[in-house]
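Listed below are the residues making up each chain.
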Amino acid sequence: MGITQILFWFLTALVLGSALMVIFSKNPVHSVLWLIVTFFCISGHYILLNAQFLAIVNVIVYAGAIMVLFLFVVMLMNLNAETEPQKNKWLKFAGAIAGSCLLLVLVAALKDTDAMRQEVLMKTGDIGLIHNLGMVLFRDYLLPFEISSVLFLSAMVGTVVIGKKGD
Amino acid sequence: MTINHYIFLSVALFCIGIVGVLTRRNAIVIFMSVELMLNAVNILLVAFSKMHYLAAKIINPATQAGIEGQLFVFFIMVVAAAEVSVGLAIIVMMYRNIHSVDVNFLNRLKH
Chain A
1 MGITQILFWF LTALVLGSAL MVIFSKNPVH SVLWLIVTFF CISGHYILLN AQFLAIVNVI
61 VYAGAIMVLF LFVVMLMNLN AETEPQKNKW LKFAGAIAGS CLLLVLVAAL KDTDAMRQEV
121 LMKTGDIGLI HNLGMVLFRD YLLPFEISSV LFLSAMVGTV VIGKKGD
Chain B
1001 MTINHYIFLS VALFCIGIVG VLTRRNAIVI FMSVELMLNA VNILLVAFSK MHYLAAKIIN
1061 PATQAGIEGQ LFVFFIMVVA AAEVSVGLAI IVMMYRNIHS VDVNFLNRLK H
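Those protein sequences? They're chains A and B, same order as listed. Take the first sequence: its position 60, counting from 1, is numbered 60 in this note's numbering, and each next residue is one higher. Take the second sequence: its position 56, counting from 1, is numbered 1056 in this note's numbering, and each next residue is one higher.
One chain only, chain B, in its complex shape:
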């Protein structure tokens, strides 16, 4: 597989996430779309890391080039886990205050 397959896969996944954020109004589904976008970036990072590794391996068979890409995916997962816990706590608080998770009711700053 060449790298463009992976690029187009993750671009498609990212755009699906964007369409989800723009068209849905349930806060939880919007949040899930954000997770989809994060995962699109993760796939792309891993694919680029393997591409870079293959290019460096031809010169030096014992290389470890490209390992940083996979480590950054690990750190993205760490940050995503923290983000999800805080975000869901905010959604629970919002539900407790306005008894809905519809983001269109969150317009109090407009008035």
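With the rest of the complex left out, here is chain A:
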């Protein structure tokens, strides 16, 4: 068992554990902090796959910008008290059962397929480097890139319109 395997299992355990903590913590601030841990571990997975650009973008965009936004909203609403009213116990139970049934079905369906034995290239391979990604992005995917700027503009306008104090 090499260092790559050890790192993979360590990061996997950390991702799943902190994701479980996200949905089971009572306090929303704790959920946000656990979600930051999850995103850092997912970045670790990207580095393990040598997708360095995505690892950095994941840290900057998710763990940086989006989580700060979440934390800001949680603090703004003063939700850090544990005031969440309890849902019906049976409804919670049914949700957990439904989720685990989906997990069971997916795992059972995917367990024995032949394509599952293919190897994934870890640690090497240069398609994840910013040079190659940038070349393809600005040569073949220039139009989607420009359209995403329009998407951001419309998201910004929508946010301002929704968040405006009025009516």
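For the record, the hints were derived by calculation from the structure and aren't laboratory data. As the structure is a prediction and not an experimental result, all values here were calculated from the model. We treat Cβ as the ideally placed atom computed from N, Cα and C, and that holds for glycine. The reader is advised that the hints may include incorrect statements.
To give an idea of the chain A side of the interface with chain B (calculated C-beta under 8 Å), a few residues [to be verified]:
no.	residue
1	Gly-17
2	Met-21
3	Val-57
4	Val-59
5	Val-73
6	Met-116
7	Arg-117
8	Gly-128
9	Asn-132
10	Pro-144
11	Gly-163
Fit chain B to the given chain A structure using the hints.
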């Protein structure tokens, strides 16, 4: 590592997100669970891109096969950032109107 490790990792992460959406009633935590599901898909896309790259590399060492998978992860992150900003604005507006982020109070369309 074979691809099935990554598939099972992302299936597990996706199901954790689904359980979070179904069991919590705080709108912000539901939103965070949706982010978890998006990230499960991102991990799977990157893993498949590296798998495809390895398979094509044996035939042609200078190939760039599989790079689209990583580009789509980039675009998913772009869309997720826009989605989060709009969604949090909606949650703030909801809090301003009903002074709670409990999704069970959002039943006005039922009456």
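Open item on the list: I'd like to know which numbered hints this structure contradicts. Please list them from smallest to largest.
Closed with: Of the numbered hints given earlier, those the structure breaks are 1, 2, 4, listed in rising order.
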